[in-house]
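Student: Note that the sequence shown covers residues -13 to 128 in this note's numbering.
The set of hints was computed from the structure by calculation and includes no laboratory data.
Hints may contain errors.
As the list claims (entries may be wrong) - Derived BS3-like pairs: lysine-lysine, alpha-carbon spacing no greater than 27 Å straight-line:
1. 58 - 126
2. 51 - 71
3. 71 - 126
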Amino acid sequence: FLLQSGTLKEGSPATEETEFMKETDALQEKFNQSMEDDLNTADAIAAIFEIVKLANTNCKGNSSKAFVQYVKDKIIALCDILGIKVHQEEELLEEEIDKLIEERQTARKNKNFALADQIRDQLLEKGILLEDTREGVKWKRK
-13 FLLQSGTLKE
-3 GSPATEETEF
7 MKETDALQEK
17 FNQSMEDDLN
27 TADAIAAIFE
37 IVKLANTNCK
47 GNSSKAFVQY
57 VKDKIIALCD
67 ILGIKVHQEE
77 ELLEEEIDKL
87 IEERQTARKN
97 KNFALADQIR
107 DQLLEKGILL
117 EDTREGVKWK
127 RK
(Lines of atoms letter the chains of each structure in order from A and count residues from 1; the text may use other names and numbers.)
(Lines give C-alpha, C1' and ligand atoms only; values in the text may rest on other atoms or scores of the structure.)
Protein backbone atom coordinates (compact mmCIF):
# COMPACT_ATOMS: atom_id res chain seq x y z
CA PHE A 1 0.00 0.00 0.00
CA LEU A 2 2.74 2.46 0.94
CA LEU A 3 4.57 1.83 -2.33
CA GLN A 4 1.46 2.84 -4.27
CA SER A 5 0.51 5.82 -2.08
CA GLY A 6 3.13 8.20 -3.46
CA THR A 7 4.01 9.52 0.01
CA LEU A 8 7.34 7.75 0.36
CA LYS A 9 10.62 9.63 0.16
CA GLU A 10 12.93 9.07 -2.78
CA GLY A 11 16.63 8.47 -2.26
CA SER A 12 18.72 6.36 0.08
CA PRO A 13 17.36 4.88 3.30
CA ALA A 14 17.93 6.88 6.49
CA THR A 15 20.45 5.61 9.05
CA GLU A 16 17.66 4.20 11.23
CA GLU A 17 16.19 2.42 8.21
CA THR A 18 19.59 0.95 7.36
CA GLU A 19 19.66 -0.54 10.87
CA PHE A 20 16.22 -2.06 10.30
CA MET A 21 17.46 -3.46 6.99
CA LYS A 22 20.33 -5.14 8.86
CA GLU A 23 17.80 -6.53 11.33
CA THR A 24 15.78 -7.84 8.39
CA ASP A 25 18.92 -9.52 7.03
CA ALA A 26 19.51 -11.14 10.43
CA LEU A 27 15.94 -12.45 10.41
CA GLN A 28 16.51 -13.81 6.91
CA GLU A 29 19.55 -15.65 8.24
CA LYS A 30 17.35 -17.02 11.06
CA PHE A 31 14.92 -18.19 8.35
CA ASN A 32 17.74 -19.87 6.42
CA GLN A 33 19.03 -21.62 9.54
CA SER A 34 15.52 -22.86 10.32
CA MET A 35 15.16 -24.29 6.84
CA GLU A 36 18.55 -25.98 7.13
CA ASP A 37 17.49 -27.42 10.50
CA ASP A 38 15.52 -30.31 8.99
CA LEU A 39 13.07 -27.91 7.31
CA ASN A 40 11.91 -26.36 10.57
CA THR A 41 9.08 -24.47 8.90
CA ALA A 42 7.56 -23.33 12.21
CA ASP A 43 10.66 -21.30 13.05
CA ALA A 44 11.03 -20.20 9.42
CA ILE A 45 7.49 -18.81 9.42
CA ALA A 46 8.17 -17.18 12.79
CA ALA A 47 11.14 -15.36 11.21
CA ILE A 48 8.89 -14.11 8.41
CA PHE A 49 6.35 -12.87 10.96
CA GLU A 50 9.15 -11.01 12.75
CA ILE A 51 10.01 -9.24 9.49
CA VAL A 52 6.33 -8.42 8.93
CA LYS A 53 6.12 -7.07 12.49
CA LEU A 54 9.24 -4.96 11.87
CA ALA A 55 7.68 -3.67 8.65
CA ASN A 56 4.36 -2.83 10.30
CA THR A 57 6.15 -0.97 13.07
CA ASN A 58 8.70 0.92 10.99
CA CYS A 59 7.36 1.41 7.46
CA LYS A 60 5.44 4.65 7.55
CA GLY A 61 4.33 7.28 5.07
CA ASN A 62 7.58 9.19 5.53
CA SER A 63 9.82 6.13 5.08
CA SER A 64 12.16 5.92 2.14
CA LYS A 65 10.86 4.06 -0.88
CA ALA A 66 14.08 2.02 -0.97
CA PHE A 67 13.53 0.79 2.60
CA VAL A 68 9.89 -0.17 2.08
CA GLN A 69 10.71 -1.92 -1.21
CA TYR A 70 13.61 -3.78 0.43
CA VAL A 71 11.44 -5.13 3.23
CA LYS A 72 8.62 -6.01 0.84
CA ASP A 73 10.99 -7.88 -1.50
CA LYS A 74 12.48 -9.76 1.45
CA ILE A 75 9.05 -10.89 2.68
CA ILE A 76 7.96 -11.99 -0.79
CA ALA A 77 11.22 -13.89 -1.42
CA LEU A 78 11.04 -15.80 1.87
CA CYS A 79 7.35 -16.61 1.47
CA ASP A 80 8.04 -17.78 -2.07
CA ILE A 81 10.53 -20.34 -0.74
CA LEU A 82 7.69 -21.84 1.31
CA GLY A 83 5.24 -21.63 -1.58
CA ILE A 84 3.20 -18.87 0.06
CA LYS A 85 1.81 -16.34 -2.40
CA VAL A 86 2.00 -12.92 -0.78
CA HIS A 87 1.05 -10.74 -3.69
CA GLN A 88 -1.45 -12.12 -6.08
CA GLU A 89 -2.64 -10.18 -9.06
CA GLU A 90 -6.32 -9.53 -9.28
CA GLU A 91 -7.78 -12.63 -10.81
CA LEU A 92 -9.61 -12.18 -14.07
CA LEU A 93 -13.23 -13.24 -14.12
CA GLU A 94 -14.36 -15.63 -16.81
CA GLU A 95 -16.47 -12.91 -18.44
CA GLU A 96 -13.42 -10.65 -18.71
CA ILE A 97 -11.36 -13.47 -20.18
CA ASP A 98 -14.06 -14.28 -22.73
CA LYS A 99 -14.35 -10.59 -23.66
CA LEU A 100 -10.59 -10.31 -24.23
CA ILE A 101 -10.57 -13.51 -26.29
CA GLU A 102 -13.42 -12.12 -28.39
CA GLU A 103 -11.45 -8.88 -28.93
CA ARG A 104 -8.43 -10.97 -29.92
CA GLN A 105 -10.49 -12.98 -32.40
CA THR A 106 -11.84 -9.76 -33.94
CA ALA A 107 -8.30 -8.39 -34.22
CA ARG A 108 -7.15 -11.60 -35.93
CA LYS A 109 -10.06 -11.46 -38.40
CA ASN A 110 -9.10 -7.87 -39.21
CA LYS A 111 -5.48 -9.01 -39.64
CA ASN A 112 -4.39 -6.81 -36.74
CA PHE A 113 -1.93 -9.40 -35.48
CA ALA A 114 -0.03 -6.93 -33.31
CA LEU A 115 -3.17 -6.27 -31.24
CA ALA A 116 -4.00 -9.99 -31.16
CA ASP A 117 -0.51 -10.76 -29.85
CA GLN A 118 -0.78 -7.94 -27.32
CA ILE A 119 -4.05 -9.37 -25.96
CA ARG A 120 -2.53 -12.87 -25.81
CA ASP A 121 0.46 -11.49 -23.88
CA GLN A 122 -1.84 -9.54 -21.55
CA LEU A 123 -3.77 -12.73 -20.74
CA LEU A 124 -0.54 -14.67 -20.29
CA GLU A 125 0.67 -12.09 -17.75
CA LYS A 126 -2.55 -12.72 -15.82
CA GLY A 127 -1.90 -16.47 -15.87
CA ILE A 128 -4.22 -17.39 -18.74
CA LEU A 129 -2.91 -19.73 -21.45
CA LEU A 130 -4.64 -19.64 -24.84
CA GLU A 131 -4.79 -22.52 -27.28
CA ASP A 132 -6.07 -21.93 -30.80
CA THR A 133 -7.92 -25.02 -32.08
CA ARG A 134 -10.18 -25.82 -35.02
CA GLU A 135 -13.15 -25.60 -32.67
CA GLY A 136 -12.08 -22.16 -31.48
CA VAL A 137 -9.95 -20.73 -28.71
CA LYS A 138 -9.58 -22.75 -25.52
CA TRP A 139 -8.10 -21.24 -22.40
CA LYS A 140 -6.89 -22.45 -19.03
CA ARG A 141 -5.26 -20.98 -15.97
CA LYS A 142 -1.57 -21.68 -15.38
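Student: Each hint should be assessed against the structure and marked as holding or not.
Tutor: For each hint, the structure was consulted:
Between residue 58 and residue 126 the alpha-carbon distance is near 30 Å, which puts this suggested pair outside the 27 Å criterion. Restraint check for residue 51 and residue 71: satisfied, since their Cα atoms lie roughly 22 Å apart, inside the 27 Å limit. In summary, the hint linking residue 71 to residue 126 is supported, as the alpha carbons are separated by about 20 Å, within the 27 Å threshold.
The earlier numbered hint that this structure contradicts is number 1, and it is the only one.
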